[in-house]
Amino acid sequence: MTLVLVAEGHRRIGLGHVFTMLAVAEAGRRMGLPTQMLGIGDLAASTLRRRGISAAEYAPDARALRALGGNGPDIAIVDVRTPEAFDFTPVSAAGFVTCAVEEFGEGRPGADVVVNPTPVRRWHRLPDGYRAVLAGTQYLIMGPEFEDAHTRPRAELGTARRIVVSMGGVDRSGATLVIARALALLAREQPQCIGSVHFVCGPAFTYAASLERLLEDAGYSHEVLVDVPDMWEHLLSADVLISAGGNTMFEAACCGAPSLVFWEDPHEYERGEAAETAGFARLHGRGADTPPEVAAELIGQCLADTAWLRLASEQGRLAVDGRGAARVLEALTQLVDAHAS
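Quick note: the sequence shown uses our numbering, first residue -5, plus one each step.
Wrong hints could be hidden among the right ones.
If you anchor each label on the Cβ, the simulated ranges turn out as follows [as the list claims (entries may be wrong)]:
1. E51 <-> E20: 13 to 23 angstroms
2. I47 <-> E150: 54 to 64 angstroms
3. P285 <-> R166: 12 to 22 angstroms
4. G189 <-> A58: 50 to 60 angstroms
5. T76 <-> R43: 21 to 31 angstroms
No lab work stands behind these hints: they were computed from the structure. The structure presented is a predicted model; accordingly, all values stated were derived computationally and were not measured. For each residue, glycine too, the CB sits at the ideal point set by N, CA and C.
Could you put the whole structure together from the sequences, leaning on the hints where they help?
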């Protein structure tokens, strides 16, 4: 049985799909599954190769795809921005059991199996006809290091909060700049409440130069981190994550760090709303549209609420345990084995 993973990554959407498939690849390696990785977009395959992983560009050619398989039955997992638009026909024709990672319940991906790992229940309502739908936060895919981080003890909350800011690897709207200005305002008004701030950005971050200029006069201890390989360490030591509501919000929950969500796209609003209902986040306004003065007040209120920070930390670890990638592969291999017999 061979595992083929297809991930999309380019400057407009960042590398979230690539990192998700990297997590699946590691889970497959631990299960002893031979794995091939294919990229779509200008950053996907090149990023994988920079990390020492053999990767080729995806081509919708059944014959070429068949050559990647083993003795069968084989599994192909596709993680792209719009899975309902991806043509699974050549992958199926190559003999693979196909699986789509699909988050929004939109359209109908042409795969055999769909993984929908979000906490937004209405997105789980997909049409009939799939061999399986793996839905819910127990299937959230993240690196195996998060499974380990999930059980590690966290440092006690101090008066000066440790903050991680991650508004998306690309941050098209510039919300990171709003948060940087808000933290500067807060540091002037309540200097004792901010201990350190780590800004986490992707290699294609749009506003790198602007952020650097803003931080020259920040008034608080800060560091800008790019393409971070050890994100779990930063989240495990953080008292709070300021996020756009993307996948980092769930990684933070796994590590016990609550999230303050200043969303960018409507689907992130819904994810933030579901995370707030689950008890491990607070949802605020759209990041780029929130005045820094308002953001500073909202952030300050959350940082001062020690009881909520402690409770939200516990709720996050109850909701997300870091075993999603292994669960997905376990379910897929069981499905394939049952079909083969």
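Verification of the hints:
1. Range check, E51 to E20: Cβ separation about 22 angstroms, and the 13 to 23 angstroms hint holds.
2. Separated by about 38 angstroms at the C-beta atoms, I47 and E150 break the suggested range of 54 to 64 angstroms.
3. Hint check: P285 to R166, Cβ distance near 19 angstroms, so the stated range 12 to 22 angstroms holds.
4. Between G189 and A58 the beta carbon distance is about 53 angstroms. The supplied range of 50 to 60 angstroms therefore holds.
5. The beta-carbon spacing between T76 and R43, approximately 25 angstroms, falls within the hinted interval of 21 to 31 angstroms.
The structure shown violates just one earlier hint, number 2.
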